[in-house]
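Trainee: Listed below are the residues making up each chain.
2 protein chains.
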Amino acid sequence: MEIGVKDLRICFIGDSFVNGTGDPACLGWTGRVCAAAMSQGHEVTYYNLGIRRQTSLEIARRWRDESEARLPHGCDGRIVFSFGVNDTVLENGRPRLAPLESLRYARETLRAARELRPTLMVGPPPMPDDEQNQRIASLSQHLALLCQELAIPYLDIFTPLLQIEEWREEALANDGAHPRAAGYSALAHLVQDWPAWRSWFA
Amino acid sequence: MEIGVKDLRICFIGDSFVNGTGDPACLGWTGRVCAAAMSQGHEVTYYNLGIRRQTSLEIARRWRDESEARLPHGCDGRIVFSFGVNDTVLENGRPRLAPLESLRYARETLRAARELRPTLMVGPPPMPDDEQNQRIASLSQHLALLCQELAIPYLDIFTPLLQIEEWREEALANDGAHPRAAGYSALAHLVQDWPAWRSWFA
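Here the protein sequences line up with chains A and B, keeping their order.
With my numbering as the guide, the letters of the first sequence map in order to residues 155 to 356.
With my numbering as the guide, the letters of the second sequence map in order to residues 155 to 356.
Rather than coming from a laboratory, the hints here were simulated on the basis of the structure.
As the list makes no split between identical chains, a pair holds if one copy fits it or if it spans any two.
Distance condition first, Cα-Cα at most 20 Å in a straight line; then the derived SDA-like pairs of lysine to any residue:
| # | residue 1 | residue 2 |
| --- | --- | --- |
| 1 | Lys160 | Leu326 |
| 2 | Lys160 | Ala350 |
| 3 | Lys160 | Pro272 |
| 4 | Lys160 | Arg206 |
| 5 | Lys160 | Asn328 |
| 6 | Lys160 | Ala327 |
| 7 | Lys160 | Pro226 |
Let's have the full structure, built from the sequences with the hints guiding it.
Mentor: Shown next, in the form of structure tokens:
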């Protein structure tokens with residue numbers, strides 16, 4: 155088992171879905187993909203920096219301080235972002251962030267991050283709300299184009315999770331947003347099958 | 155199961171032992187105690203803010219920004235600290251922080267935290283190094299007195315972990331500092347049996 159990657163330190167930065175809110179195992183998809191890497195003989199330090207309710211703007215303001223504190227010079231540090239759903243939540247009839255604002259903060263964050271560390275982006279997941287999902291689908295497509303432009307690998311999870319019943323069912327049975335163990339596990343498998351993630355452990 | 159505590163948000167702030175470094179399950183003791191609470195019907199949001207190598211000084215500088223971002227006004231937010239081991243590591247023949255410095259930064263941090271949120275302190279664990287353990291034992295005793303003065307519940311884990319063989323054996327077999335699943339699980343049980351922790355879920 156001593157052929158694994160040594161001492162990779164990964165910051166997962168984003169919202170409640172990164173935090174794993176609602177997961178009775180307290181792992182979320184981020185803990186599950188790191189535990190899977192550990193079980194394959196890799197040595198990973200797992201830093202979960204998901205914060206509930208945060209938009210692209212709030213993440214743009216804190217990602218640097220929090221990741222720099224955890225990824226000192228000389229260590230093999232990596233960053234995985236995932237955010238956007240909270241931008242699309244309506245408050246007083248308008249999204250918390252307009253799409254152009256979301257893309258502006260995402261661009262600012264992602265462009266700076268890739269200069270510092272190998273960076274990946276996982277898109278926003280669907281909600282059990284068809285109307286909000288139209289906004290999330292659109293944002294996910296624009297984030298994919300942005301990441302293509304910045305040469306940052308992007309994983310669309312919106313499209314496949316729409317087809318995974320546990321995701322929607324668990325969210326509805328829980329708090330109307332966050333799944334439980336089966337939903338997070340399904341998402342973890344999407345990430346584990348992603349070539350960009352797998353390449354970190356090649 | 156709907157008799158549990160609802161929406162408790164807990165920030166665990168500290169060092170690599172808080173992070174759970176070395177645990178193949180990517181839970182550490184912090185994830186284990188939160189998952190146990192979830193399994194008893196409580197709804198917990200788990201924020202892990204452990205950072206490898208950090209001393210009391212580094213934690214004093216960041217705990218407020220990081221916890222305030224995660225515990226907005228109106229939520230039922232709590233803070234659990236655990237740090238001190240890194241202060242006792244020798245660099246150029248001297249501890250990274252002198253004992254009086256450790257206590258100064260711990261006092262500054264704990265006094266401010268208890269004004270904001272219900273706060274607990276878990277002491278530093280032993281290392282597989284008898285000479286360093288003398289410094290850790292002394293620091294743990296002084297932290298206990300400090301917490302008594304501040305009316306913050308303090309859990310001495312140094313003394314019981316010295317008697318738990320998995321802790322030392324796993325640390326030696328791993329990287330000379332951090333245990334694996336059995337060691338973290340043993341520590342999680344010490345915290346779960348602690349009346350101050352249990353009182354949060356009464």
